[in-house]
Amino acid sequence: MKEGVAVAVAAAAASASAAARPGGAWQSGVTRRLQGALVPALLVMIWEAVVRLGFISPNLMPPPSEIVRTFRDLVADGTLLAHIGVSGLRVLTGFVIGATLAVIVGAAIGLNKRLEALFDPTFQALRAIPSLAWVPLLLLWLGIDEGPKLTLISIGAFFPVYLGLVSGIHNVDRKLVEVGEIYGLGNFALIRRIFMPAALPSLFTGLRNGLSLAWMFVVAAELIAATRGLGYLLTDGRETGRADVVIVSIITLAILGKLSDSVLRTAELRFLAWRDVFASR
Amino acid sequence: MLDLTVQAKYFDAVEILRNVAFNVQPGEVVSLVGPSGCGKSTLLRVIAGLDRQYDGSAQVLGEPVRLHSRHVGFIFQEPRLLPWLTVAENVGFELGRRGSRHPRVHELLGEVGLADYAGAFPKQLSGGMAQRASIARGLFTQPELLLLDEPFSAVDAFTRMRLQDLLLGIAAHHQTTLLLVTHDIDEAVYLSDRILVLAPRPGRLVGEVRNRQPRPRDRRSADLSLLKGQVLSLLNGDGDHFDPLDVSEEQPPPSGLTPINPDTFQYAL
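Residue numbers (our numbering), protein chains in the order written: chain H, 426 to 706; chain V, 6 to 274.
Here chain V stands alone, though its shape is the one from the complex (with noise of 0.2 angstroms):
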């Protein structure tokens, strides 16, 4: 399905990612983790076509990688629907003014629940049902490779959940491979077949985890739990030990800010 490859990827000065090789088999569910600033938004990003700045290949299907490939989709962390569209609009975008009317859109609403909203405006949804409906205009164009950048990490927790089991149910159901990054690791535990688990400055691949269990699964089950503590030693980088204060993998502090010195710091108090 997917085959990426990339040697280097500079942002200005600065490698973003060295070495990142991967696939990606049809059907599967992939989750890129790593804290933040280790490039896996921007391996989307190369996925999806949106970056070409870099050296190494990106194929899917066979193909290299370009913008608006109708094998792929692309769901961001926001919703970003257009407010200007109705809901059902905003799913059948692809088609233009013509595009609300596809039979499709109405499945696919149906599909994430909003068939009642179809002539909406996204000012009237809440973040959860916007997200949903920005799930359906990613499937609307029938990808066969499905890219999520961090999609559900500006919902409450229940409706992540909520989420989750929906985008699985969607996937199955159309047959879509999903590639998602994530900064949760329950999320990508529960969702995948495999976690990459990425390292920052510069990105590199660290290590992958394996979830063989057959889904549904159970979010309480201790099997995700031991998965979970391999994920956390792989994002460590030291086997079992798994130290939370340790902030050296942390992105620096924003210029313009000192970092505090903790030496000094109970003065400053």
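For reference, chain H alone in the conformation it holds in the complex (with noise of 0.2 angstroms):
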């Protein structure tokens, strides 16, 4: 059971440095790999230890033996499956209207001077605005349902990706520009042929932020007014006092932020395998 446990907050580990560095490369190598676990594996034997030997409440501070306990219980009864499904539902749904949108907007913006001019002070005021700053107004106007939850995460997953893609286009080489006009492509062959493809490191970059600041904001939504959910589930834990159960969502949210990055990851790697990078030596 240990092992389960260590492998749980590697992975957390694991997350929380790839949030760090999200542009860095996922290091590959068992050696590597055993290295990192190592000190989490310590810390949860040094945990276990100090909670057993008393000098820590385990009603504050759960050992991970007691933690994994809960963990099995509530995949047993399926509560914990139940509240990923809604929390990664939301997420899917609203990182996809929101990147999205924000690939519409930056391509339009990006690429055309005018609608830069125009648009582009107001998307950075917006952006200004933390994005919790939002939830009261989106309450006001949209209820307590799905709707405010929704637009938060989407609001969360726009501005990355809309800034990477505008910056991506803004650094297109004009050199690789001048060959497409050599060839003869009109506006929109342009954009397919040259834009996009020289913009997609960055709108990548921009697409993974994106989707680590919708995790963030489902948490947000689900802490304020929800009754399911992984935020859902960190809140219940706190009002009865199990903070085993408050652990067990917090992993769980770290292996799903995880999983869901890598995803995109192997995307990028995939798409992106031209690139000429330090990275990808």
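The hints are simulated quantities; they were obtained by calculation from the structure and are not laboratory data.
Don't be surprised by glycine CBs; every beta carbon is placed ideally from N, CA and C.
Misleading hints may appear alongside valid ones.
What the hints assert, rightly or not - Just some of the chain V residues that point at chain H, by a computed CB distance under 10 angstroms:
id, residue
1, A18
2, E20
3, L55
4, R71
5, V77
6, F81
7, E83
8, P88
9, L90
10, F98
11, K128
12, G132
Claimed, not checked - Pair ranges (Cβ atoms, derived):
id, chain 1, residue 1, chain 2, residue 2, range
13, H, R539, V, G124, 40 to 48 angstroms
14, V, G212, H, H595, 53 to 61 angstroms
15, H, L565, V, R71, 54 to 62 angstroms
16, V, L231, H, R617, 50 to 58 angstroms
17, V, H107, H, R617, 18 to 26 angstroms
18, H, A698, V, G132, 18 to 26 angstroms
19, H, T456, V, P40, 27 to 35 angstroms
20, V, P221, H, H595, 46 to 54 angstroms
21, H, N537, V, G124, 33 to 41 angstroms
22, H, F703, V, G124, 20 to 28 angstroms
Two chains, each in its own frame: build the complex with the hints.
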């Protein structure tokens, strides 16, 4: 059982480090992974020992063994899976809506100077609003159903994707655009065959940042008003004094965030195999 | 093949070209040589249709030039391969996604010695290989006139000699007319039937050197050295005398840098 916790905590640690440097390479190699698991495993053992020896109250800091038990129980009665399903669906829907809008708007603004002059300052200003500040307004406008949650998640996913795409388009090499012109590409073909592929690396960075923000915002949305979802499980655990449930929720969120990011990471590696960059060596 | 007359060409308020007129006959290999700032690359861009802000006219095969003429191919100083396309897709770029499967792609890759690299990405190629791929791309549209803007300046001397011979072979095989811009007088003399010499500020034609030697030519031959001397004299603008230390032809230093004053220079040290 202890290994199970060690792996879960290792995944949480890995996710934290991936969030710190989204562009970093997924480290491969068995030795390196074993090395990475060393510190978390040690921490888990110390944690267990400290609680067992009575230095910390198990109510506040349940030992890893108890967390594993809670985890098993929550999985066994289907609660955890249901909450995961609800939160996952919200993240997916919100992310897809936000990212799609961001790609459309970002492409239009990145490629058209006039649209950029008109709209970019507004988006930059909106971006400066801390996302949680939207929550009361969204609750007022849209009630406490799925609407405000999905809107909040979409807002969270929108800006990183938008910024990534716009900066990607702005940084397209003029010399490559000239190649397209030599071949007589019209505006649309130029966008499709030069601008979009050239902006793809930057877009992927935006997508990955957007996805991690979507997870952040789903928790925020569910903490405030929800009856289902991992954020609700967190609140519920707090209100019923179940620290073990809170910790299980946190670990689950870390694993889900990491898993969904690695899906995008895999897509990135596949679509951007042509990149001549340090990380791909 | 090509008739070009540029009465004047300004970039902002600076006169770049003045009264440059020449023509190129089918099958000829013509070089434009001159120091930096003589507008030779601008001339190529005019002929390619990339630059339309000038007084004058440019005609290829009797038609005014336009961007993406099937008659004209362009090879840049750098390979400018699209990094997200494979070598074959780059060569067949004109045809879009289906381009890489066109039989001519493999023919051309074979000619430039890259048959094994059709599926490779540009990042896997060396500089010389990338430039060979870009030559293949330039030839894919089967242009009658191929424009080259200092095509071999970024590769080492040995690769350059190989690429020069490769270019001549391919041009002869496809009966392509070549007009190239170069800094390298050896290259101009070795490759060309005619060398057009330009002087800077404003860019203007100062003379022409003909090379009637049959190909293949010997790079070591005394005749080539003689021709090289003629080009150098024209570049220097005063007959037989050539003063390699004459810096008056050089471009002004970029703004922000003060030119070194020889009087104060030693005190600064």
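Measuring from the C-beta of F81/V to each C-beta in chain H, is the shortest one below 10 angstroms?
7 angstroms, holds
Whether the CB-CB distance between N537/H and G124/V falls inside 33 to 41 angstroms
Because 36 angstroms falls inside the window, the suggested range holds.
Supplied contact hint for F98/V, tested at 10 angstroms Cβ to chain H
It holds, given that the least Cβ distance between F98/V and chain H is near 6 angstroms, below 10 angstroms.
Quick check on the hint: L55/V CB to chain H CB, less than 10 angstroms?
Holds - the Cβ of L55/V comes within 10 angstroms of chain H, reaching about 7 angstroms at its closest.
I want to verify a distance hint. Is the separation of the beta carbons of G212/V and H595/H within 53 to 61 angstroms?
Given a distance of about 45 angstroms, which is not inside 53 to 61 angstroms, the answer is violated.
Min Cβ distance, E20/V to chain H: is it shorter than 10 angstroms?
With Cβ-Cβ at 24 angstroms, over 10 angstroms, it is violated.
If I claimed the Cβ atoms of H107/V and R617/H lie 18 to 26 angstroms apart, would that claim hold in this structure?
Holds, at about 20 angstroms.
Measuring from the C-beta of L90/V to each C-beta in chain H, is the shortest one below 10 angstroms?
8 angstroms, holds
Going by Cβ atoms only, is G132/V closer than 10 angstroms to chain H?
13 angstroms, violated
Chain H contact restraint for P88/V - C-beta distance below 10 angstroms
Check passed: Cβ of P88/V comes within 5 angstroms of chain H, closer than 10 angstroms.
Range agreement (Cβ of P40/V with Cβ of T456/H, hint 27 to 35 angstroms):
With Cβ atoms ~58 angstroms apart, the hint is violated.
Take a look at whether the Cβ-Cβ distance between R539/H and G124/V falls inside 40 to 48 angstroms.
With a Cβ separation near 41 angstroms, R539/H and G124/V satisfy 40 to 48 angstroms, so the hint holds.
The structure fails to meet hints 1, 2, 12, 14 and 19 from the earlier list, while all remaining hints are met.
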